[in-house]
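*Asks:* This is what each chain is made of:
Number of protein chains: 2
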Amino acid sequence: MLQLTQQNNAFSVSYNGTALIEHQTSTPVFFTGVGHETMDMYRGNFNIKDYVESRIGLSAFHITTNESKLIAIDFYLNEQEKAINNPILTIKFTVESDKKIEMSLQSHDEAYNRLWVRTPTDKMAPVWGGGEQMSYFNLKGRNFPFWTSEPGVGRDKSTYITWRSDVENKAGGDYYNTNYPQPTFISLTKARDKVYAIHANTTAYADFDFQHDDFHELQFWAIPSSLVWFIDETITGIVESISLFFGRQPKLPDWIIGGAVLGLKKGRAHAEERLEDALQKGVQVSALWCEDWSGIRETSFGVRLFWDWQANEKRYPNLKEWISELNQKNIQFLAYTNPYLCIDGPMYKEGKALGYMATQLDGSDYNVDFGEFYCGVVDFTIPEAKQWFSERIIQKEMLDIGINGWMADFGEYLPIDLKLSDNSDPKHRHNEWPVLWAEVNAHALAAKDKTGDAVFFMRAGYSGVQKHCPLLWGGDQSVDFSRHDGLVTVIPAALSSGLLGNAYHHSDIGGYTSLFGNVRTPELFMRWAEMSLFTPVMRTHECNRPADNFQFWQDDTAYAHFARMTQLHVALVPYVKTLIEEAYHKGLPLQRPLVMHYQTDENTFDIFDQYLYGEDLLIAPVYAAEQNERTVYLPKGQSWIHIWSDTSYEGGQTVSVKAPIGHPPVFIKSNRINNPTLGDFLQKTKA
Amino acid sequence: MLQLTQQNNAFSVSYNGTALIEHQTSTPVFFTGVGHETMDMYRGNFNIKDYVESRIGLSAFHITTNESKLIAIDFYLNEQEKAINNPILTIKFTVESDKKIEMSLQSHDEAYNRLWVRTPTDKMAPVWGGGEQMSYFNLKGRNFPFWTSEPGVGRDKSTYITWRSDVENKAGGDYYNTNYPQPTFISLTKARDKVYAIHANTTAYADFDFQHDDFHELQFWAIPSSLVWFIDETITGIVESISLFFGRQPKLPDWIIGGAVLGLKKGRAHAEERLEDALQKGVQVSALWCEDWSGIRETSFGVRLFWDWQANEKRYPNLKEWISELNQKNIQFLAYTNPYLCIDGPMYKEGKALGYMATQLDGSDYNVDFGEFYCGVVDFTIPEAKQWFSERIIQKEMLDIGINGWMADFGEYLPIDLKLSDNSDPKHRHNEWPVLWAEVNAHALAAKDKTGDAVFFMRAGYSGVQKHCPLLWGGDQSVDFSRHDGLVTVIPAALSSGLLGNAYHHSDIGGYTSLFGNVRTPELFMRWAEMSLFTPVMRTHECNRPADNFQFWQDDTAYAHFARMTQLHVALVPYVKTLIEEAYHKGLPLQRPLVMHYQTDENTFDIFDQYLYGEDLLIAPVYAAEQNERTVYLPKGQSWIHIWSDTSYEGGQTVSVKAPIGHPPVFIKSNRINNPTLGDFLQKTKA
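Protein chains in written order, with the UniProt record's numbering: chain A, 1 to 687; chain B, 1 to 687.
Worth double-checking, as some hints may not be accurate.
[Claimed, not checked] Listed next, the in silico DSSO-like pairs over lysine-lysine satisfying Cα-Cα at most 27 Å (straight line): (1) K157/A with K49/B; (2) K467/A with K427/A; (3) K684/A with K329/A; (4) K123/A with K190/B; (5) K49/B with K140/A; (6) K140/A with K190/A; (7) K636/B with K82/A; (8) K49/B with K329/B; (9) K49/A with K49/B; (10) K314/A with K190/A; (11) K99/B with K190/B; (12) K49/A with K636/B; (13) K450/A with K320/A; (14) K251/A with K577/A; (15) K266/B with K157/A; (16) K49/A with K396/B; (17) K329/B with K448/B; (18) K194/B with K266/B; (19) K170/A with K658/B; (20) K123/A with K251/A; (21) K251/A with K329/A; (22) K49/A with K349/B; (23) K157/B with K49/A; (24) K396/A with K281/A; (25) K100/B with K170/B; (26) K448/A with K577/A; (27) K194/A with K100/A; (28) K157/B with K170/A; (29) K658/B with K636/B; (30) K170/B with K140/A; (31) K170/A with K577/B; (32) K686/B with K658/B; (33) K448/B with K386/B; (34) K140/B with K170/A; (35) K349/B with K281/B; (36) K100/B with K157/A; (37) K49/A with K100/A.
[To be verified] These stretches of chain A come out as covered by chain B in the derived footprint (C-beta under 8 Å, 3 or more residues): (38) 54-61; (39) 510-521.
Just so you know, these hints were derived from the structure itself, not from any lab. For clarity, every value in this text was computed on a predicted model and none was experimentally measured. Yeah, the Cβ is synthetic: ideal placement off N, Cα and C, and Gly gets one too.
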């Protein structure tokens, strides 16, 4: 039940004892103001600044009740204003279920374009979520801007790679940069007896500041239509609610969870050769992912693709027939697309002739610089343009020739100075663009009755992408072990996005971005592969500069290691199928933060480098070079068996275990050692 | 005359047609607010952030007049507040002369700790001053925090050296970092018919933002007691007023302006050897500057000095007698001191016993980390402590043994978390510290009747340092040609500080900071020497790592070049003496921005890499490697003669002239070619 407490110039609203907002004249819930932003984009990297001209606490309020039921609260700058003027802001609460309360916000003064909202917390309360966060799992102590963008190279101002990337490409990034931000977070109440989440309904730029002791401060560059609180006893309960709210994903099909997707980009002959070789070496292959299916172009960054989204006959002769042959061997063919069309390709001309490309403000062509080539932006605010992309490109050029999945790349680059057909402000649509892009892809699957069979995977996202995108991939990590852009970053990425209803996550095995002499080593590939085994999809990538970087077929040890990891991946299929059922019915992600099942164990609050794979397995990947062991925290309340040594450890302690390549720290809950769906897997680990 | 114009909810105050402040409800003059700052110091480098909790325009006002004379203006948050509450702020104007108007500010609400003041301008108006600015001469288009600190190494985030310095020492800095900031700027009115300056009377942190089209926004972290406007027809007039306001410097003595000060730091024998050799090579020597006079200590940064400020008998045996011998040869002996005392020296113990050292809040010792050694801070808020430092150290240990000058180093490091004896807030004294330090030194000179004879030189400064410090030096440049920390930066440093009443500026010939493999070349030394010839004092420095860096005696070409530059310096003495008279009587600096004498020539507004040396010579140093010519802008209205080629050029154009080493671009006003004080110099340039 919603409770209103009022005393002199203060009030609070709580729900079943959980404080939602707490207001005093000196510490108001809302601050309003005026900001003048500058947002410069360079190849998907944004330099964003705000000149805050005013920021004023809405210190006075008026509460309207009806028979002691809270109806609305009006906010004013101060008591004097209240006496003579209309309110600045009105909020209303709707209890939508016993686990979900919506607070609508209505602004009455369009002069204000900034809003800051404070929600109560305490110094030690953890904060999770925020979309797909690559650096930190517990967000407490930092601020997180929410603006979909390139995530940065290195993402750490103290590294040489980030410095070089900043200087040469404005592309270094920082801890908060992500392809998939989302203004939604999960936390614990002060009494730690409840879990709550707050989601802001807005697509405008936002910045949540978790650095304050007593409050979180949520900043918005447009008034959000509402804030939604989810409240529950457990994190799993919250995740169930959130995933329903944003829309459950379809089940991941069987074909993709057993064996590896081989990422190749040197034409058909290369793909055939690699496939035959891999099968001979014992690699379990589920699909070939040939991102160069539509052709390539060479740039200084490396080999880029030709963004026109039709099969390139020269590079992939008789593609349709070949796909059919592959399918007969139970191998799928995956491709690549993104929402842009290069201006030197025929699709762009077709889309432009139909009036489907976004334009300059004066109606002339708007071409986006993607790094030595230019593209038009398909205007997804035009329903017919979405339909056209779905039918003309994805259905006709891809699904109809048997392509059963693809990387649905990008979505983060919507420029903020172009003209959209519906005249909406691109600054307010920028964050939404990945969701529209996901819709276009999902619609194509649905139209061809391929939902839950064909699979596209995205790196970009925002609130609502969950409903449409069946699989995330972690974007473009550096080909290294670095703390903020290497192997380990895909763990918090999976955990944070997983809490918000994205059950399926995976990453490029071995990373993607190789710049400034930073190249992939066999060790990195092997460590990444042995982690990926414990994600639903194992997929390799030749990276941006294949010739300079290690490929698994170049080294017998790595090749054999990779083959074995794919075999273990297949052995996990029965277990993973149970997890997919859980994802479908409860929205629980496959990769889970330890705190999800051990929320009373405070030691789990910050853990970003371990995860539960389902409820039974605990995975602690090795994510540094030249390690032969690593320390692992085992949650309280039960014992855990190290699968390689069969040693049992009591929970509630940090242990160190041997972890040579091929034997990453993996533990099973001791009371689940006989889980039949894990039998084959456990047996194979002894082989 | 002060004019008040009032209309509905707007007013403006102007003086003889020059707008001082312009207020409308929607664009108020003042914003008040609350900020929560964090200021972390690491070895003189500060990381400063502000969480602005509120920022509110003071939109309502009440004007009090008496027989149409403006008495006071009260400011309120809004009309409603005005109706019932006391004002937040009251301002009063005092016309102190027909060229100086003071606006006092009185705050009535201590809850507010931030103030923003907007003063009218236009998009194209130039802005100069801001203390000793090393990167830019025209400050328009950027913001400038005013907080005395280390200036940074590299001062350019795009350089490797700055990146390394940031990562390893938090010391990279940025364009605005300076040892000597000052919240004073000079600009032109919108009609360009008047010159005005605004000075803020405060020692709190401030930040002037010159990025806006229609207003400058002056931010203060405490309410300044007043703003002072200087208004004049000419820049020279403004400089005359400003220099009187802050206090004119004593005349620079003859001994220091002719010949070079040799900076040496390897003990007496080394100094004697270098002196003898230099004299033999024809170097004109005015003084030896032996900064290691009090001993040394070795650190990873390089050789540091022993901060105890007594002659080190081992390193400089019989110093007093030796100084006397040097004086007989017309050579002075200069030393080094700073306001800190190392805790392993006897002076610290003496000062501490007297209760003169600042302490922790709990009264325990406060020791500052200066890089592998620790020092106490002499508490200059104790008058007796200032007296003690002046008498016990500077008079007794230095002046009394014949030391006739010194580098009065540092002053920027006052920590902001210590306890001062008068219980004042160190955050509000930090900027003042260099001025107190200058006072201590100046007092010692005065007490020994040495003002205008002995010369100390400082890098740190703040408003008021002018009165006490007879000579600035540009601080610790990198030993390179870099744009933001190399040779060229000492030009804007001299020009900006010169406009604010610091007539005398010089720099370490060849720069000082050698880190990360960056070392001084002979070319750099030669280019720096040939610029320094056109500054009042030529002084060498062995730099922080003498063994790794070029010294002038290591190369015959450089040695001969240096000797010749010192000879030309001597030849300039008659001219420089006229400039010193001008400085004394009018406050005009020796190194002058072109705009000072050509303020109607807009092409001069931004020029940071050329200067007038007095009114007759125009200097355009070569500040890049491997150049044999450079382009020079010659101001409008007359012709200029290139002194090396005797070619005459009309003003108002950019010309390119040959500029091999030894022949930096120097021009003389054609109508001053027969200036008798320049005769000897011009003749020697032909030799």
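*Asks:* For each hint, tell me whether it holds in the structure or not.
*Replies:* Taking the hints in turn, this is what the structure says about them:
no.: 1; hint: K157/A with K49/B; in the structure: holds, 18 Å
no.: 2; hint: K467/A with K427/A; in the structure: holds, 23 Å
no.: 3; hint: K684/A with K329/A; in the structure: holds, 24 Å
no.: 4; hint: K123/A with K190/B; in the structure: violated, 51 Å
no.: 5; hint: K49/B with K140/A; in the structure: holds, 18 Å
no.: 6; hint: K140/A with K190/A; in the structure: holds, 14 Å
no.: 7; hint: K636/B with K82/A; in the structure: violated, 61 Å
no.: 8; hint: K49/B with K329/B; in the structure: violated, 54 Å
no.: 9; hint: K49/A with K49/B; in the structure: holds, 15 Å
no.: 10; hint: K314/A with K190/A; in the structure: violated, 63 Å
no.: 11; hint: K99/B with K190/B; in the structure: holds, 18 Å
no.: 12; hint: K49/A with K636/B; in the structure: violated, 40 Å
no.: 13; hint: K450/A with K320/A; in the structure: holds, 17 Å
no.: 14; hint: K251/A with K577/A; in the structure: holds, 9 Å
no.: 15; hint: K266/B with K157/A; in the structure: violated, 39 Å
no.: 16; hint: K49/A with K396/B; in the structure: violated, 55 Å
no.: 17; hint: K329/B with K448/B; in the structure: holds, 23 Å
no.: 18; hint: K194/B with K266/B; in the structure: violated, 53 Å
no.: 19; hint: K170/A with K658/B; in the structure: violated, 38 Å
no.: 20; hint: K123/A with K251/A; in the structure: violated, 39 Å
no.: 21; hint: K251/A with K329/A; in the structure: holds, 23 Å
no.: 22; hint: K49/A with K349/B; in the structure: violated, 50 Å
no.: 23; hint: K157/B with K49/A; in the structure: holds, 18 Å
no.: 24; hint: K396/A with K281/A; in the structure: violated, 36 Å
no.: 25; hint: K100/B with K170/B; in the structure: violated, 41 Å
no.: 26; hint: K448/A with K577/A; in the structure: holds, 24 Å
no.: 27; hint: K194/A with K100/A; in the structure: holds, 13 Å
no.: 28; hint: K157/B with K170/A; in the structure: holds, 12 Å
no.: 29; hint: K658/B with K636/B; in the structure: holds, 21 Å
no.: 30; hint: K170/B with K140/A; in the structure: holds, 24 Å
no.: 31; hint: K170/A with K577/B; in the structure: violated, 51 Å
no.: 32; hint: K686/B with K658/B; in the structure: holds, 16 Å
no.: 33; hint: K448/B with K386/B; in the structure: holds, 16 Å
no.: 34; hint: K140/B with K170/A; in the structure: holds, 24 Å
no.: 35; hint: K349/B with K281/B; in the structure: violated, 45 Å
no.: 36; hint: K100/B with K157/A; in the structure: violated, 47 Å
no.: 37; hint: K49/A with K100/A; in the structure: violated, 34 Å
no.: 38; hint: 54-61; in the structure: holds (count 4)
no.: 39; hint: 510-521; in the structure: violated (count 0)
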